[in-house]
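Chains as they are written, first to last, in the numbering used here: chain A, 64 to 583; chain B, 56 to 287.
What you were told as hints is all true, and nothing was included just to trick you.
Stretches of chain A that chain B covers, calculated by requiring three or more beta carbons in the stretch to come under 8 Å of a beta carbon on chain B: (1) 422-435; (2) 442-454; (3) 467-473; (4) 490-496; (5) 524-537; (6) 553-565.
No lab work stands behind these hints: they were computed from the structure. Idealized CB from N, CA, C, for every residue including glycine.
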Amino acid sequence: MTAVRTLVVRVPDWAVIAAGVPLHEPAAVFFANRVVASSPAARTEGVTQNMRRREAQGRCPELAVLEHDPARDARTFEPVVASLDVLTPRIEVSEPGRCAFPTRGPARYFGGDDALAQRAHALASEELGERGVVHVGVADGPFAATLAAAERATVVVPKGKSPAFLAPWPLSTLDRPELVDVLNRLGLRTLSDFAALPARDVLARFGTDGATAHRLAAGLDERPPATRPPPPDLAVEAELDPPAERVDTAAFVGRALADELHAKLSARGHVCTHLLIVAETEHNECLERLWRLDIAGTSAGVIADRVRWQLDGWLNGTAAHRPSAGVTLLRLVPDELATAAGRQLGFWGGGGGADERVVRALARVEGLLGPDSVTVPEWCGGRGPGEQVKLVPASVVDLTGERPSANPEWRTEPWPGALPTPSPATVPRAEVAAEVVDAGGALVRVSGRGEVSSEPVRLKVGDRPSRRIVAWSGPWPVDERWWDDAGRRRHARFQVVTDDGQAHLVLLEHGHWKLAAVYD
Amino acid sequence: MALRSEATAERISRLHEVAVRARPVALAREHVLPVLEPLQPLLPDGLRRGSTVAVGDSTSLALALLAGPSGEGSWAAAVGVSNLGLAAAAELGVALDRLVVVADPAPESWASVVAALVDALDVVLLRSRRRVSGSDAQRLIARARERGSVLIVLGDSWPEAADVRLSVVRAEWEGIGDGYGHLQARRAVIESSGRRSASRVKQVELWLPSVDGGVAVVDELATVRPLRTRTA
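If we strip away everything but chain B, and leave its shape as in the complex, we get (with noise of 0.2 Å):
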C-alpha cells in the first residue's frame, strides 16, 4: 500500500514537472506598452496593458505617454478630442499613419463607441464633455482589462481612481519676454502617482515639449538658453 502511495506521488510530482514546462510562457513584457524614454522614471515598468491613466488637462503629456506605443506599431484613437493639436501629436512622436481621431460623440452613444475602439486598438485617448457614468466606466475598465488595451483619460469627467495619475506639477516656459523671442521648450515637474504597484510618488523633470516639439529629460547642461526667464 505504501509502495503504491509512493508511486502515486512521485507520478504526480512529475506531471506538475510536465505541467510547469508546458506552461505557456507569457513575459512580462508582453503585458505592457512601451513609454518613451524621458517618461520611463514614472512608468518603469512601461503602460500595464488593461490599465487606466489619467493625465490632468495637459494635452501634451498625453500626447507624450500615446508616442510610445505608437511608435511602436500601436494603433490609437482619440475620442471627444476633436481639437487636438496634431502637429504636436507628430512632434512629441505619435505616428499619424496610426491614429484615428473620432468626432465627440453623442452622450447615448459615447460608451458603446468607447467600447467598439477598446475592443481593437492598443490606447484610446478619451475626454468626455459630461461626466462618465460609474457603471460606463467600469464597463469600460473591464472591457480594457480583457482586451489589453490602455485608457488614457483627459480631463476630470472620469468617475473612477485611475490606476496611474500623471500632473504637471510645475510648468516654465522658456524662449519669450517681454515683447521678444518666442516659445522654445517648457521645463515642467511630472509627478505620477497612483495605486498598488504606482502608489509610491514619483517626480521628473522634462521638457515637454522641448526645443524641437518632442519630449526630453532637463539636463543642468542643457542646450536651451533663455533670453529671459519669467516665472509665475
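Isolated chain A (complex conformation) (with noise of 0.2 Å):
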C-alpha cells in the first residue's frame, strides 16, 4: 500500500517560538536540564540537542533559558493551525509546531499540490507574522513530506519519488536513537541502506518498531494497513453541566473521558492512533480538531494531555478563535485505530527509573509545597559530612531514566581528608552552636600549631544539659578553599562520645564550637 499524499506545514523552532522568544536571540528550551529545543542564534554559538544546561552556558553565556512546557507550546500553536482551517477541515496536529493533512481532495480543488502548498504558506505565515518561518513539504505519507518540510519554504517531491527523494536522508531522521546506533554499527548509513534490507528479517530482528521504522525508510505508510475505521461506540463523550468557561473544568471531564476511552480501547486490544476531539458550547458553535498519536506511547495520560491542550487553545486563545461561550459538551471521537502491539516491560518491573505512579505523586507534593521542596540525591566531592550527597530539586532531573550521579562511582576523585566511614547519620542542615569544656569549665581550644589546650571533659548542645564526655578523638585540622575569599574554611574537627553514648562530630571555627553531626 503506498502512503497517503500527505502536505505538512512546520515551524522550526517552535518551542522557542512559543515561549516569545525571536529566534534571533540566544535561546534554549531545557527539560530535565537537557536542551530539547533551541533557537537558530543558539545554535550558532555551538548549542547542540541534549547538551547539558550548564555545558550550553559556557558556550553561550547570553543564552535565555526557557521552560519546557507542552502545554504552552500546543496553546500557541492553535492559532496558526486553525488559520489553514479554511484549506481542509481534517487538519491533524501531529505536535506543537507541526500539522499535517491529506492532499487528495484540497489539492484538486486548489489546483494541484504546488498551488496548494504556496496557500498554506502565505496562510501560516501571515498568522505567524514575523515571529518565525513557515516550512511547507509534501509527499507520499506522513515522514516524507516531514523530511519535505524540513529545509526550504516549500517542497513538493511529484507523486510516487518519495522512496527516491528518502534515499539520501540519514538514519537519524528515524528518531530512533537505539535502533539507528545498531544499525550505524552494522555498516547502514541511510535511510536507503535501511529499505533495501528484507522487511521480513527486519521484523524477525527488531520487532514491531523496527519494521515500522523500516516502513517508513522505504517510503511507506506508517502503520501497517490493518488500521481500520472504529466502530462508532468507541467514541465516549460527556456533558458539562454547568457550562465550563475555564480550561482546568473542562481538562478535568476530558481526563476522565481519556482514562474511558483508553479502558474500552484496550478492552477490544486497540489504540487510537488518531484522536477528533470534539467540544460543542452553548452557543451551539462546534469545535474539532484532529490529534495524531504516537502508537508506542499511547496511553490514558497521552491522550488526556491532548485534550488538556487543545482545550487550552480554544478557551485561552486569541479573540478570534476563542469560542463566544462556555463548553457543554465534550467528545473524544478515536479516528483511527491500530492494533496495540504491546509494550514490552522490563521482567522484573523495568530498569532502575521511577514508573509514572512515583512521578505523578512527587508532582503533586511539589504542587501542595512549592517547586523545590521535593528533593532526591546526588553524589559530589567533599570533606565535611553533609557535604559528600547534595540534594538537588526532583523537578529538574529526569527520574524516569538512569541516574548515574546518584551512584557512589560518580565521584572520581579521591578526598584526603574526608571523615573516615562510618558516615554520620544524623547531619543538620545549618550547624548548631555547642559548648566543649575542660575539667575547670574553661572552653576548649586549638592552638595553631594543632594543639588541644586542655582535655574536653563535658559537651553541651544548644539548650540542652551538658554531658560527660567519656571518649574523644581529635583534633583533626581541615583549611579548606584557602584560595576563594567566600567559601574559605578553617576548622578542628573532634569526634566526642558522651556518656548516654551518644557519638557527635564537632568542629571549632574561630573560637567557636559547633555540632556538625550526630552519629545516632
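Assembling the complex is the task here: the two chains are given apart, and the hints tell you how they should meet.
Pasting the structure below:
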C-alpha cells in the first residue's frame, strides 16, 4: 500500500517561538537539565540538542533559559492550525509546531499540490508574522512530507518519487536513537541502506518498532495497512453542566473521558492513532481538532494531555478563535485505530527509573509544597559530613531514566581528609552552636599548631543540659578553599562520645564550637 | 428427589474445587518487603506491606530498615527528615537513586503530603515535629494498608501503637579513646516488640554501623579490634 499523499506545515524551533523569544536571540528550552529545543542564534554559538545546561551556558553565556512547557507550545500553535482551516477540515496536529493533512481533496480544489503548498505557506506565514518561518512539504506519507518540510519554504516531492527522495537522508531522521546506533554499527548510514533490507528479517530482528521504522525508510505509510475505521460506539462524550468556561474544569472532564476511552480501546486490544477532539458550546458552536498519537506511547495520560492542550488552545486563544460561550459537551472520537502491539516492559518491572505513579505523586507533593521542596540526592565531592551528597530539586532531574550521579561511582576523585566511615546518620543542615569545656569549665581551644589546650570533659549542645564526655578524638584540622575568600573554611574537627552513648562530630571554628553531625 | 440433591451436592463440591483452583495465587512473600539479612532475626517475615514500624530516635536504625526494600528496587521517601545523613544512608545500603527527600511540610499540609507519597512509594520514612493527630494517623495507616506501603516512624510524635517497634537497648562505640583513634563501629543491641505476630520480644546484637558503614551481625571473632573500649 502506498502512503497517503500528505502536506506537512512545520514551524522550525516552535518551542522557542511559543515562549515568546525572537529567533535571532540565543535561547534554548530545557527539560531535565538538557536542551530539547534551541533558537538558530543559539545553535550558531554551538548549543546542540541534548546538551547539559551548564555546558550550553558555557558556550553561550547570554543564552536565555526557557522552561519546557508542552501545554504552552500546544496552546500557542492552535491559531496557526486554525489559519489553515480554510483549506481543509481534516487537519491533524502531529505535535506542537507541526501539523499535516491529506492533500487529495484540497489539491484538486486549489489546483494541484504546488498551488496548495503555496497557499498553505502564505496562510500560516501571515498568522505567524515576524515570529518565525514556515516550511511546507508535500510528499507520499507524513514521514516523507515532514522531511520535505525540513529545510526550505515549500518542497513538493512528485507523486511516487518519495522513496527516491528519502534515500539519501541519514538514519537519524528516524528518531530512534538505539535502533540507529545498531544500524550504524552494521554499516548502514542512509535510509535507502536500511530500506534495502528484507522486511521480514527486519521484523524478526528488531520487532514491531523496527518494522515500522523500515516501512518509513522505504517510503511506505508508517502504520501497517491494518488500520481500520472504528465502530461508532467507541466514541466517548460527556455533557458539562454548568458549561465550562475555564480550561481546568473542562480538562478535568477530559481526563475522565480519556481514561474511559483508553479502557474501551484496550479492552478490544486497540490503540488510537488519530484522536478527534470535539467540543460544543452553549451557542451551538462546534469545535473539532484531529490529533495524531504515537502508537508506542498511547496511554490514558497521553490522550488526556492532548485534550487539555486543545482545550487550552480553544479557551485561552486569541479573541478571533475563542468560542463565544462555555463548553457544554466534550466528545473524544478515535478516528483511526491500530492493533495494540503491546509494550514490552522489563522482566522485573522495568529498570532503575521511576514509574509513572511515583513521578505523579512527586509532582503532586511539589504542587502542595512548592517547586524546590521535593529533592533527590546526587553524589558530589567534599570532606564534610553533608558535602558528599547534595540534594537537587526533583523537578530538574529526569527520574524516569538512569541517574548515574546517584551512584557513589560518580565521584571519581579521592577526597583526602574526608571523614572516615561510618558516616554520621544525622547531619543538621545548619551547624548548631555547642560548647566543649575542660575539667575547670573553660572552653577547650586548639592552637595554631593543632594542639588541644586541655582535655575536653563536658559537651553542651544548644540549650540541652551538658553531658560528660567519655571518649574523644581529634583535633583534625581542616583548611579548605584557601584560594576562595567567600568559601574559605578553617576549623578543627573532633569526634566526641558522651555518657549517654551518643557520638557527635563537633568542630571548632574561630573560637566557636559547633555541632556538625550526630552518629545516632 | 434424593438422587437430585445428591447430584446438586456433587456439582457444588465440583464448583468449590474449580473455585479453589481458579483463586488468584498470592504468595505471602508478595505482601512483604525484604529486610537486610542482619535484621532478619528481628523481622523474620520481612516488612509486612501496610504496616507501621516505629524506630525511636535512631536514624541509622531507620536507614538500615529502609535499605532492605530500597536495595531490591523499591522507591522510598523521607518526609520531615531534612537532616538525614545521606552518605550514611548510602553506606547502610539505601539506593540513593530511588530515594526522595521531601522538605518538612507545614502542619496543615503534612497529612496530605504523606498520603500522596504513601499512594505511590513503597516505603515512607517520616518524622513530624508536632504530634500527629489521631485521625490523621489512622487515615494514613488505612491508606498504607490499602496501597501496600510501609511507614517507618522516627521520633515519638506518632499517636498510634506501631505494628513493630524497634529500639536500641544498648549501644557502645568502639575504636575511639581519650584523644586518639576514631569512631569505627557501634555495637548495638536492638530489640523488637509489637503487636500480633511481632508481640514476642526479640533481641539481636548488631554492628550498626559497622566499620564500612553497613550493618553486620556481631560475631565474637569480630575483625574490629578496639584500641580501648569505654562504656557509659
